[in-house]
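**Q** These are the residues of each chain, in order.
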Amino acid sequence: MKKKFPLFLVFAFGILGIIPFIVPHPIVQNIDESIRNDILKILVAFALVLGLGSLLKVHMDKIKRKRESWQYSWILIISFLVSSIIGLFGGVEGAGPLRTFIGSFHFDIQTLYENIFMPLGATMFALLAFYMASASYRAFRARSFEATLLLITAFIIMIGIIPLGEKISPHLPSFAQWIMTVPNVAGQRGILLGVALGIIATSLKIILGIERNWLGGGE
Amino acid sequence: MTLILLAAIFALAPPGQVRAYDTPSDGGEAIIIEWQLSQDDAALTGYEIYRSEDGVDFQKVGFLGRGRTSYEDETEDDKTYFYKVAAVSDTARTLSEPTPQVMSSPQWLNREKINIFIAMFLFGGLILYFIYHARKGKELFIRKIAGLQAVDDAVGRATEMGKPILYSLGLGFVEDIATIASLNILSEVAKKCAKYDTQLICPNNRPIVYTVAREIVKEAYTEVGRPDAFDPDSVYFLTDSQFAYAAGVSGIMVREKPATNFFIGYFYAESLILAETGASTGAIQIAGTDALAQLPFFITACDYTLIGEELYAASAYISREPLLLGAIKGEDWGKLIIGTVLIVASILGLLTKFPILGLFR
Chain A
986 MKKKFPLFLV FAFGILGIIP FIVPHPIVQN IDESIRNDIL KILVAFALVL GLGSLLKVHM
1046 DKIKRKRESW QYSWILIISF LVSSIIGLFG GVEGAGPLRT FIGSFHFDIQ TLYENIFMPL
1106 GATMFALLAF YMASASYRAF RARSFEATLL LITAFIIMIG IIPLGEKISP HLPSFAQWIM
1166 TVPNVAGQRG ILLGVALGII ATSLKIILGI ERNWLGGGE
Chain B
31 MTLILLAAIF ALAPPGQVRA YDTPSDGGEA IIIEWQLSQD DAALTGYEIY RSEDGVDFQK
91 VGFLGRGRTS YEDETEDDKT YFYKVAAVSD TARTLSEPTP QVMSSPQWLN REKINIFIAM
151 FLFGGLILYF IYHARKGKEL FIRKIAGLQA VDDAVGRATE MGKPILYSLG LGFVEDIATI
211 ASLNILSEVA KKCAKYDTQL ICPNNRPIVY TVAREIVKEA YTEVGRPDAF DPDSVYFLTD
271 SQFAYAAGVS GIMVREKPAT NFFIGYFYAE SLILAETGAS TGAIQIAGTD ALAQLPFFIT
331 ACDYTLIGEE LYAASAYISR EPLLLGAIKG EDWGKLIIGT VLIVASILGL LTKFPILGLF
391 R
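For the record, the sequence lines run as chains A and B.
Residue numbers for the first sequence follow this note's numbering, so the first one is 986 and each next one is one higher.
Residue numbers for the second sequence follow this note's numbering, so the first one is 31 and each next one is one higher.
Please note that a few of the clues may not be correct.
Stated by the list, open to error - Pulled a few chain A residues facing chain B out of the computed Cβ check, cut under 7 Å:
(1) V1043
(2) I1094
(3) E1099
(4) I1184
(5) I1185
(6) L1189
Everything labelled a hint here was simulated from the structure, so no lab data went into it.
All C-beta atoms, glycine included, are put in the ideal place defined by N, C-alpha and C.
So that you can see chain A by itself, here it is in the shape it has in the complex (with noise of 0.2 Å):
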């Protein structure tokens, strides 16, 4: 029973996920919107508890037990209080019941966010451009045809795209268009067909019940 009635949501639910593709009814429209959005949400919610729950859980044994860096872990959790109490009882732009300003220093949940939270985050997303050149160096290493052909490639598409491209020959730039437009979406297309046939057959096995892995535990 405990495996069987999630296995009947699942196929009752992938249906459900499936008529309104084909059925374009306001009444089954709405259903399907209730469903992805309302319920789906309730589930976040519990869910999201489960997962700060957890959070805290790791970061506390992790500290219980002084492992590897413990002392970022009280970083964490004090964090985590501090914007947790903000959040709550200061309201979003400061208009709860907690004081989020001393004077012209405010420090509601948008002013940590903006000026915290986001500009780690664009710290994170600017390292990108040194990983990238650390992965293009290795990825060009011409140690076989591939990589040769990748490497020759790569070359003509980044001069074909810049002003000197034109200037070495008028043909380049459009040559490097042309391997954007032909071989490179050719290859994609092919991965996006079997990506298409994937997702239809990994659907049906979950439907189905063929497929559990994702049932978890207990009989």
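Model the placement of chain B on the given structure of chain A, informed by the hints.
**A** Just chain B now, with coordinates in the frame of chain A:
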């Protein structure tokens, strides 16, 4: 007399054959109005669309530039409407005859998607046919996939080195097929980890994915008879922020130095940060995604990459479950049929100039 003559000179030809009909295959609340271009189209600023509920009092509801021949009007269902279209220039405006009354209503069937639906059914039938054969015990040949063959070696290496295995499910939601496929692979990897007593680290980006992943790993340990070896803290929620997740997982890789990293699921820009950090720690890396934009990064920085459909085939390949292998066989046949149709249609399209390629739009 002069005024009548001037009006005759500057009069515009009205748009021809104006017709209005309920938008087909939609959820209602829309009517399409179509017309033929006015003979004076080149001299027009455009066309004005007028609507009436009683056929007498017409109100302007839209304007389109010259050269345009159709307009979709937002309406209320089960209410009658009449339409007129006017050809408009800077100095004149000529209205067409009103259309017969028309009404919008929601449809129960999207006829435009029937071809996709039939293809989906045929393909589904093919898969079920091969699953049926697999169930009867027929031996099925599946080509070797290097990335999946390396899973055993990767787990073995971690065991020998006494180091953990890192498994990242990416940034996909639980309803994404890539995430579901990754959860299936996680189950197989967790079974191997349980068997060889290798530590598994699985940091998650989505709360729901975390709860499902945790149950899957727990079940895997139970299935191989090692429920005691399951560490509930091995699968945990890290953050739902993209770059915070990248920073967190990179930190784990640098600190814990896993022998093997799995990056399987749906990834965005963080893919390269993760794969390059993993490569710098000397770990064997197996990646798999159906995110086309991230595939080049994984191919460059990882030892093995599951490209697109290989990701979906993985759990069947690793588990060797006959029913799952049957589905892969069905997929291959589906691809063969689509490939054949595309090639034949392209040749026909090229040879006969027949607009057969339009079928694939």
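**Q** None of the hints should be skipped; say for each whether it holds.
**A** Now for the hints, and whether the structure bears them out:
1. For the restraint placing V1043/A at the interface with chain B, the shortest Cβ-Cβ distance is roughly 5 Å, inside the 7 Å limit, so the hint holds.
2. With 7 Å as the threshold, the beta carbon of I1094/A stays out of range of chain B, its nearest partner Cβ sitting at about 14 Å, so the hint is violated.
3. For the restraint placing E1099/A at the interface with chain B, the shortest Cβ-Cβ distance is roughly 14 Å, beyond the 7 Å limit, so the hint is violated.
4. Given the 7 Å rule on beta carbons, the hint for I1184/A holds: about 5 Å separates it from the nearest Cβ of chain B.
5. Taking 7 Å as the C-beta cut-off, the interface hint given for I1185/A holds, the closest approach to chain B being about 6 Å.
6. Interface restraint check for L1189/A: the shortest CB-CB distance to chain B comes to about 5 Å, inside 7 Å, so the restraint holds.
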